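Visitor: Take a look at the letters that make up each chain.
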Amino acid sequence: MRVQWTRDAGVWRLVFLLDAEDETTGACTDGHPIELRTNSCHVRTGDAGASAHPDLLAVAAWTVVAPWTGRRVTFDRPISAGLAEALRTGWGVDAGPVGADARNGTRLAISYSGGADSMAVAAMFPDAPFVHFQRISHPRVPNRWTHYRSEVLAQLAHKTGRDLHVVQSDLEFVLSRPRPGFPEHHAVTAGALLLADDLDLGGVALGYEIGSRWLGSDRYVNRYTPDNPMWAAHGKWARLYAAAGLPLVLPVGGVSEPVTMRMALGSDLGHLVRWCLRGDVSGPCRRCGKCLRKELILAAIEGRPLSTTLTAGSVPARAWQQPPPYSGQETIEYGCARVPGIETTPFAKAAEYLGATVESTRWMERCYPPSIDETPEPWREQVGAYMRDTIGLMTADEQRQVEAWAAT
Amino acid sequence: MRLRVLGLSRLRRALLSRLDSRYVTKPDHRQDLKDALWEVQMLRREVVALRDEVDRLRRTAVTPVKAAPQPKATPDPKAAEAHRLATETAEAVDTLLQSEMRIWQAIDELSARVGAPGRAG
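Chains as they are written, first to last, in our numbering: chain A, 1 to 408; chain B, 409 to 529.
Hints are computed from structural coordinates only; laboratory data are not their basis. What you were told as hints is all true, and nothing was included just to trick you.
Far from chain B by the CB rule (all over 12 Å, computed), these chain A residues:
| hint | residue |
| --- | --- |
| 1 | G99 |
| 2 | G105 |
| 3 | R107 |
| 4 | D127 |
| 5 | E151 |
| 6 | R162 |
| 7 | L199 |
| 8 | R223 |
| 9 | A233 |
| 10 | A348 |
| 11 | E377 |
To be clear about the criterion: a stretch of chain B counts as covered by chain A if any three or more of its residues have a C-beta under 8 Å from a C-beta of chain A, and this derived list gives those stretches:
| hint | stretch |
| --- | --- |
| 12 | 496-503 |
| 13 | 506-513 |
Every value quoted in this text rests on a predicted model; they were computed, and no experiment measured them. Built from N, CA and C at the ideal position, the CB exists for glycine as well.
Kindly generate the complete structure, drawing on both the sequences and the hints.
Guide: Next comes the structure, spelled out in structure tokens:
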């Protein structure tokens with residue numbers, strides 16, 4: 001794989017050329033099969049980020065090209081020896097040329113989507129700047145996914161009044177299958193990487209919670225995964241970011257979605273929380289799968305019946321009519337155990353299959369301490385203090401429940 | 409005497425049959441009332457169901473579904489044709505873009521083999 005970045009008028013343009021051994025089909029680090037559509041994309045940083053350290057450019061490119069790269073990757077400007085070593089030990093690829101000094105920075109930025117998880121991170125770090133990734137159309141790809149209202153999410157981010165950098169990119173459209181999306185989950189940080197030198201960033205915080213970090217949820221293995229390659233502090237991606245002087249920080253990596261939801265709604269930005277990709281400025285659509293799932297969490301933490309017009313026969317509710325495992329199953333267990341009258345909702349079948357109780361899901365109320373321990377310095381102290389004082393830590397028994405967890 | 413009795417009985421029967429045709433007996437009345445009450449109950453249930461249905465429709469009207477119209481259900485054949493063409497064109501472009509990458513990949517490999525300069529380093 002050969003990678004070339006060019007810069008013009010506020011835009012970084014990436015072109016990558018496949019070597020003979022490279023493939024147009026591949027897999028994301030979580031194992032999900034994906035297919036490449038085209039080999040160019042761009043990231044609009046505006047006037048900021050005009051000159052970025054080669055390691056930052058290399059990592060930003062790697063979040064797009066990693067799934068298709070066979071044995072070697074050639075960057076268009078020399079990278080640091082540490083970054084080349086991280087690529088060699090993490091992916092087994094020869095990376096070069098080598099010749100730059102390692103970089104570092106001091107501030108923490110938040111990769112802010114506007115959902116409950118990243119808003120919870122924002123509540124923990126009230127002074128940290130936001131970098132918001134906004135999907136825009138790709139000039140070579142007809143956009144058949146305009147129901148995704150990325151401009152609405154960007155508008156909501158503006159309303160937070162925080163130090164905000166909206167970075168627009170079409171990089172998701174390099175995927176043809178299963179649909180446009182991040183080739184690697186880490187591509188959401190493309191903006192933070194390219195702006196890191198301008199903003200003196202020494203870390204990027206993401207809203208990945210205990211399900212993603214420790215329980216293999218989303219598309220991964222759905223069981224306890226201390227060595228999760230995407231998000232573990234000793235995993236290959238974390239080592240790569242650390243080598244580029246921008247360690248990944250997961251301030252809410254030790255708490256569950258019900259906890260991040262409480263943190264977000266209790267924060268000064270609570271009225272701006274938005275997980276729905278379809279609704280307009282006036283509010284979420286309340287008819288998509290994401291809205292249905294989040295309504296379960298909301299009803300659970302508010303101790304009230306589910307409020308939805310969706311029926312068990314509707315398309316967004318289809319997953320919950322099948323037996324488990326479910327993605328993010330621990331959250332479904334938490335909701336099913338707490339929402340009154342669950343047997344008359346689209347989650348009735350799931351609740352029956354799971355048989356969860358308030359007692360069996362109580363461990364999700366507190367923070368899993370190993371997540372604090374793996375938080376990079378100098379942010380470990382602040383994360384630890386917040387979790388101890390505001391959320392509380394799991395007991396040894398509850399920690400064992402996390403470590404024995406598997407969606408079955 | 410016999411005749412009289414016969415005549416009386418005949419008269420009584422005629423009288424009763426006329427009365428029967430005009431008036432309803434007490435048990436029949438009771439049954440009719442029961443039937444009427446049952447009808448009222450049924451109607452009440454139907455009204456409640458209809459009211460729920462109106463509420464449901466009103467709610468869905470407040471949050472309209474923004475689903476794309478199903479191309480097959482489109483009454484306008486030109487719109488359906490345009491939709492088909494757009495979908496097929498987008499898929500064709502995908503194939504072209506992938507082919508372009510693979511062709512350049514092959515060209516670069518050949519250039520490397522014959523020692524000619526490729527596109528990039």
